[in-house]
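S.K.: Could you build the full structure based on these sequences and the hints that come with them?
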Amino acid sequence: MVKRICNPSRQSSSAVLVMLFICAFTSGLVADENDYYRMTSIPVPEGLALEVTGLATLPDGRLAVSIRKGEVWIIKGADAAKPTLEGLTYTKFAEGLHEPLGLTFHKGSLYTVQRSEVTQLIDADGDDQADEYRTVAKGWGVTGNYHEYAYGPVFDAKDNLYVTLNSTIGKKIINDTAWRGWSLRFTPQGKLEPVSAGMRSPIGIGLNHAGDLFGTDHQGNWFPTCPLYHIRDGVFHGHVDSLSDTSRLGSPLKHPGKIPTGLTVGQAAEQIPGYALPAVWFPYKKMGMGSTGILCDTTRGKFGPFADQLFVGDFTMALISRVALEKVDGQYQGACFPFRKGFDSAVIHMTFAADGAMFVGQTNRGWNSVGSRSYGLQRLDWTRKIPFEIKTMHATKDGFILTFTSPVHGESAIDPKSYAMTSYTYAYHSTYGSDEIQPRTLNIRSVQMLSATQVKLIIDGLRPTFVHELTAAGVRDVDGRALLHAAAYYTLNRIPN
Amino acid sequence: MKRARNAHQLGQGGASAAAEMMMCIIVLSCGQAAHAQSPDSAVTRDANIERGEHVERGEHLLGHLNCTACHEPGNAARARIIFNEGPRLTGIADRMTLDEIESFIKHPAKVKPATRMPHVLRDKIDHETARSIAHFLASLPVKEKIAAPKGDIERGRSLYHFVGCVACHAPEKGHRPAGVDEAIELTAPSTPSEPIKLAQHYQRDGLAAFLRDPLSIRPSGRMPDMKLSSQEAADVAAYLQRNVPLKVTEDKKVDVSLVTVGLAAFIKHGCANCHETGQEMPKLTARSIAALRTDESRGCLSASPAAGLPMFTLSDADRDAMRLALADIKSAAPLSASQRVDRALTSLNCLACHDRDGKGGVDPALAIYFQSTTDALGDEGRIPPPLTNVGAKLTETWLRMILLGEGGSGEMRPHLRTRMPLFGKANVEHLVKDFAAADPVDAAVKIDVTSGLSHHRGFIGRSLMGNEGLNCITCHGLKGEKALGPPAMDLTRTTERLQPQWFKQMMLNPQAMRTRTIMPAFFADGKSPITAMISGRDADKQIEQMWIYLKEIDQSPLPPGMATQSFVLKPDKPMVFRTFLEGAGTQAIAVGFPQRIHAAFDAREVRWAVAWRGDFLDAEATWIDRYTPLTKPLSTDVHKMPAYAPLAILKSATDAWPKAVGKEAGYNFGGYQFDKSRMPTLRYTYHGAKVSDRLEPAPDGKSLRRTLVIENPPSGLYFRGMSGKVTPVLSRDGKATIEEVVQW
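Going down the list, the protein sequences come from chains E and V. Just so it is clear: in the first sequence, position 142 is 142 by the working numbering, and no numbers are missing. Count along the second sequence from 1, add 497, and you get the number used in the working numbering.
Please keep in mind that the hints were generated in silico from the structure rather than gathered at the bench. Predicted, not measured: the structure shown is a model, and the values here were computed from it. By construction, the Cβ of each residue, glycine as well, lies at the ideal position given by its N, Cα and C atoms. Treat the hints with caution; some may be incorrect.
Reference excerpt, derived from the structure (chain V facing chain E, CB under 10 angstroms, subset only) [as the list claims (entries may be wrong)]:
id, residue
1, Arg739
2, Val1073
3, Arg1101
M.R.: Below is the structure:
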């Protein structure tokens, strides 16, 4: 519960400052993510290791779940207020699949991706058991290395489907490496079209509200921290192993030649033809340590005030963050914000139920995650209370415009001391991850109130391609609430004119 | 002064008309004549016993005899005197006949020696009053009668002697439980046990119902719920009444005219103060505990109480102890948690089975009645666990579950034949907090089970518990899997039960924690005999790794070496399983059959690749591991199929068969389809031809039958089967069917 400790709007200004201090200490302690997004665990029958890798809501409201051991289950009743084992029905829809790592429902069928193919699961007689496992997309290499996961599928508006492929990273059983570390498109006729290269472990794949495709990846070699990148034809996302396949027939990009190392990511983007900076970097440990599923808020308000934004899961830290993108010079960039932590296990995949609740599928087999469970399925319900958050962060030529989810308390919002900003960037190199480099503290020159929920920050010394980390710890809303999450991280690839 | 108020302080509201009429005439007092007499000089006390012990006993008796039912205790005394509600009399007609009730009222101690019930109608035995009270009680509503099953005396005798009755009630003279060696001498218990004389006066079904659920009738918990089934309760009832004729249904009818008189007498004599009848009744109020004078010559504590006062069966020493307790109670400090624990354990006689700090424990003479289902665990397998430090050992959640009999907590020691009974929530719930407060933890151990490292640690903990680690699975079961050797406690719920520091100390030094245990000490000088990942040989770290594994046991596989754990797939109908498979590559589709003959298709090369007889596949690498090594057919009888494509477009049958396979050769794999019997058929295309390719066990079960159906075959299409022979594909109406047998 958020307890309303004080209401600065009714106080005189000197009293307000005193009260603000009190609020700064107290509100932060009493406000809780759970007050706004309540977490409910869905019970799992004994003996079923529900290592969730994919989720899809069916037209009848039931939830389809793919699990790592190779099965698809259909769960009825997961949307109940207090799901109990007795109230849930688990039906095994498909089995014997090879590590399916995604699930989607498209035009009457479930589709999953296995290590070597996308499979349409057809239940012709309607008995909730698939009787045809139809291969609808394939043709990428599988050498037998365990890292060679395939993620997806995602369908676009033209019924093309997309998958992303993990790099091989290590020993091979056979030398069949085609398109590892690539995103691929398959036309409705099944034709393979390579889209973009340079992926490492691209667990997340999803569309934004405009129908553009995005992917997430993992920190490691060539990825200084986890990125969210815009997947589009002919771009190189940064991981070098995949570049050898530029020589394959159909590659939409040419090999960029010698790859320099030890530059900043901004310099790399200038020097390496085709290398596109990600739309968002998730600063390591601050925003996660292994980005996963992408889910666009298509609920039109049923899930709260973040319509059209992206939610992104995290494996190691078992959390979900939020991303608000904008286009600058035709390219996506934007900010990520903390959203919800404390899941039981590594978050892999999310989907929305018809009523706007979010299901969150989890498994950490093979790697580590915080949380006390190895796998599971949880649900996030919006409690209908609006959290006080930075809803969007929009770049301008000399600063940022912040839009809040609720009207701000003017004096706290226009006080530059309510804000702090640093910026830093990352090294592009073949070693594992990068520190935040070239850090600098920026001066908040002034703050203007644009509307009840909007302020404009004028900031000295913005640097293109740098991550701009904002803390707005001093801002209060008209009810005296501090921000539920005071931090925001804007990846300023381009400074607008 | 206060006397007048006390005398008329009756129940407020809800009183029946009859009761109200009685109000003005009831006068109750605990003592009348006052003799200045120091309580200390009443009797000669055993000089070896501290005054405190007398006081302790006195307070126990004040509770045991339910003095606070009439004497308002006040806050100080309420905290020190455990209130003992008397038996509930609703439905008494189910248990006793009118005559039995009457006789009990008239001579309680004769009918039930050592009864807590005082003699009330004693001056001259008032038959009419006793009779009317009996009729009133017999008129109380009874539950719908459920006939008990027919009891068996022998089974009852056996149950009586092993479930735990004999911890409080005398064993049958000369009874030797099965399996107890003739050489062992039967001796009488050193502590007097409670006879069960009252059982003889019960009706059989009523006795069985009482044994089934004693707390509903006697809520004080002195007679606990032994978790008897209805059959078991009937058996024990039959056994207890083995020497009396079967008492059948009441033939005497309640005399309605006596009921109102009986009710009035019931209230007048203070019966309602101790006994629930399901009706609201006024209660008598005597002086408060604080106002009691211990020197009354004709009070309840005197040898000859005044008329109208109850007379308890008390020794002089009892009286003296109670007087001392009353004298001290006003200034007594509140009870500590340890004292509350001690009193509860004494009052509920937990100490008859459990030892705590050297107090109590099984009487050596009764030890033969504490039996085990196994000889392998020694005394640990038959004697209930000690309660020494139990508050530091068990979690509060688990303590509560045990005390309230919830959540299967009573099934942790299936080898103990003696049962942990239930004493009633109201009587024992306080022990959850009191044990915890009485047994503080010296140094709490915190094991972080939420950090990113925990899952690696859990994984290592799993191997430590397995057959190449400390081999815990030899004695301990897990998740319903039995131990390989002696059946010690199943460890599935360890972290729910135990506090981490106790677990750690038990692991480091089992004998110091449990004298009777047969668990070996694994860690000498803080070192493990096993070297494990991360922890090396560090005992603390290994214990932590095992704790984390046990914490996540519900989601984790069993330790290596547990007998029946197997991931071998055993098809009971055709089964498709995709994995990296030796002989069929990284895009293998294995098909297993109940006939124990199996095959695998290589979806990359679009051909059947391998077949084998025997077991199908072990799914462990695919289902459990992070690394996914090639799975191997579980057979030495593996047949590699020829590596060429099945179809080719040729000019003639003598052309060289192309080497190319799969996509390169023009094949496009399309998945598989199940028919009604869940038999899968693989689908692919080849230059416009739609091919269905199926392998299934031949009727002999020793070979495989292959059926290809080719729709729309292009011209010049040839088939090359497993034998190597090339044949043209001949179609009729655009469809060709080819069959062959695959044998080796």
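S.K.: Work down the list of hints and note, for each, if the structure agrees.
M.R.: Comparing the hints with the structure gives:
no., hint, verdict
1, Arg739, "violated, 45 angstroms"
2, Val1073, "holds, 4 angstroms"
3, Arg1101, "holds, 7 angstroms"
Of the hints listed earlier, the one the structure fails to meet is number 1.
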